[in-house]
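Protein chains: 2
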Amino acid sequence: MPRTAFFVSDRTGITAEMLGHSLLTQFDDVNFRRIALPFIDTPEKAQEAAARIREQAAADQCRPIVFTTMVDESLRKITHVAEALTLDFFEIFISPLEQELGRESSHTVGRSHGISNFEEYKTRIDAVNFAISHDDGVMPRDLNEADIILIGVSRSAKTPTCLYLALQYGIKAANYPLTPEDFGAHTLPRLLLPYRTKLFGLTIDPDRLSQIREERKPGSRYAALDNCQFEVSEAEALMRHVGVPYLSSTTRSIEELATTIMHRTGLTRRTF
Amino acid sequence: MPRTAFFVSDRTGITAEMLGHSLLTQFDDVNFRRIALPFIDTPEKAQEAAARIREQAAADQCRPIVFTTMVDESLRKITHVAEALTLDFFEIFISPLEQELGRESSHTVGRSHGISNFEEYKTRIDAVNFAISHDDGVMPRDLNEADIILIGVSRSAKTPTCLYLALQYGIKAANYPLTPEDFGAHTLPRLLLPYRTKLFGLTIDPDRLSQIREERKPGSRYAALDNCQFEVSEAEALMRHVGVPYLSSTTRSIEELATTIMHRTGLTRRTF
Numbered sequence: 001m002p003r004t005a006f007f008v009s010d011r012t013g014i015t016a017e018m019l020g021h022s023l024l025t026q027f028d029d030v031n032f033r034r035i036a037l038p039f040i041d042t043p044e045k046a047q048e049a050a051a052r053i054r055e056q057a058a059a060d061q062c063r064p065i066v067f068t069t070m071v072d073e074s075l076r077k078i079t080h081v082a083e084a085l086t087l088d089f090f091e092i093f094i095s096p097l098e099q100e101l102g103r104e105s106s107h108t109v110g111r112s113h114g115i116s117n118f119e120e121y122k123t124r125i126d127a128v129n130f131a132i133s134h135d136d137g138v139m140p141r142d143l144n145e146a147d148i149i150l151i152g153v154s155r156s157a158k159t160p161t162c163l164y165l166a167l168q169y170g171i172k173a174a175n176y177p178l179t180p181e182d183f184g185a186h187t188l189p190r191l192l193l194p195y196r197t198k199l200f201g202l203t204i205d206p207d208r209l210s211q212i213r214e215e216r217k218p219g220s221r222y223a224a225l226d227n228c229q230f231e232v233s234e235a236e237a238l239m240r241h242v243g244v245p246y247l248s249s250t251t252r253s254i255e256e257l258a259t260t261i262m263h264r265t266g267l268t269r270r271t272f
Numbered sequence: 001m002p003r004t005a006f007f008v009s010d011r012t013g014i015t016a017e018m019l020g021h022s023l024l025t026q027f028d029d030v031n032f033r034r035i036a037l038p039f040i041d042t043p044e045k046a047q048e049a050a051a052r053i054r055e056q057a058a059a060d061q062c063r064p065i066v067f068t069t070m071v072d073e074s075l076r077k078i079t080h081v082a083e084a085l086t087l088d089f090f091e092i093f094i095s096p097l098e099q100e101l102g103r104e105s106s107h108t109v110g111r112s113h114g115i116s117n118f119e120e121y122k123t124r125i126d127a128v129n130f131a132i133s134h135d136d137g138v139m140p141r142d143l144n145e146a147d148i149i150l151i152g153v154s155r156s157a158k159t160p161t162c163l164y165l166a167l168q169y170g171i172k173a174a175n176y177p178l179t180p181e182d183f184g185a186h187t188l189p190r191l192l193l194p195y196r197t198k199l200f201g202l203t204i205d206p207d208r209l210s211q212i213r214e215e216r217k218p219g220s221r222y223a224a225l226d227n228c229q230f231e232v233s234e235a236e237a238l239m240r241h242v243g244v245p246y247l248s249s250t251t252r253s254i255e256e257l258a259t260t261i262m263h264r265t266g267l268t269r270r271t272f
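Taken in order, these protein sequences are the chains called A and B. Take the first sequence: its letters are residues 1 to 272, numbered as in the numbering used here. Take the second sequence: its letters are residues 1 to 272, numbered as in the numbering used here.
To be clear, the hints were calculated from the coordinates, so they are not data collected in a lab. Take every hint as true, because none was put in to throw you off.
Stretch-level coverage of chain A by chain B, calculated; a stretch enters the list once three of its residues show a Cβ under 8 Å from a Cβ in chain B:
1) 16–23
2) 65–71
3) 93–103
4) 126–132
5) 158–169
6) 250–257
Every residue, glycine too, gets a C-beta built ideally from N, C-alpha and C.
Work out the full structure: start from the sequences and follow the hints.
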């Protein structure tokens, strides 16, 4: 029988969902039904949310688990119902922080994902536009603006990793696919030579690569296992030969790839 | 004098950073120096992290604040130093969850941003590829696969919102720019007619729009305030006329736009 988990917030609910998700993954033999209740920013909505949680408790015959990041204390109290286990993130952590910093918190709703700073916003949007206009080997003249250039065979997760770096961290990431034409010479494609220090490689297990390519172009030479083995082995040899660090995307999520690359290259976030 | 905040994690540190950030934004008159220490996954690295925190305490003459999501208890203990205020998300929340669920947590490092499920991973990557191949009015035949189609004038934040929906939620989002050619007819562009129920609009304050366009094409007609006023007013009139709901991106972050759109349309995440 699944347990129900609610994510209740007076704004986007992103923090509540992330916190709750991190915790719930520690109980992987429990099946959770997840219900997001974002934008609970009036007493009426808070009462509706409370009613929704109570209904679920009655239907499940079991206490729902409520992850909440309500900043407003009066709304927060309404959503705390006896029929649920409420894990209230702000309630627990704000007080020790207030003590440590010697001041009261501003209790401002939804500050963390607001558009507090136009400069920061622009940094992010510019990075996203940069990633899109420098995707898949498209290399206009402003490549020297790149913070990093990801290289690797087609379908090694370069594009989503670049977009994640841009959206989450405001980092300008370009990507360039290594294709069979780039192998054999044992040197980087000419276009990339001036930017050697900005290069970072992605690689992938050939079986997984073949599986991914097969869904895209079934039965093609592009997707054939022996071709994938060849491309991956040549790409890795090239990166080792020219001294470009690389990482496998086979067992890493986009988040892990992005943060690992930042960690290894020393890049730091441009936005928060 | 800035206070130092550390984000310590045995994996990506994304959760620690987000939770810490949410809390720190409640103290906006304090200047925080933020230091991420991700991938602290061995006793040696934990000791280095502890030393780093102690050094900072000595340099600042003030306790650093440490936000941590260490799952492994032995590593967690090493990073808890007397010289800092440590706010440990797992320590505080895991225990009530274990009680409620009647079982021990698996104490698995970094589960939440791992590539636990290949299907889910594919959903996300497919959504990202969909967003890129359906960006800015590029509309191949598979538009009926779209979960949502964002419309709005150029530079109203359609593209980053689509990418966020894809990356974070696995939602297939296309976008189509409303241009001066689309105004006057008081009807949707012909291409969009079959997908009316999938449309959602973004609008923006004309002053802000002019400012954004000015950075892109300084002195252009495209960026001129009167042109921006005209385009925004026509686009909003069109959306009202044909009954497409819309939202202003002027004071909303990408996260807020994406979650608000999901909330209003009833779309739910495809991934976690």
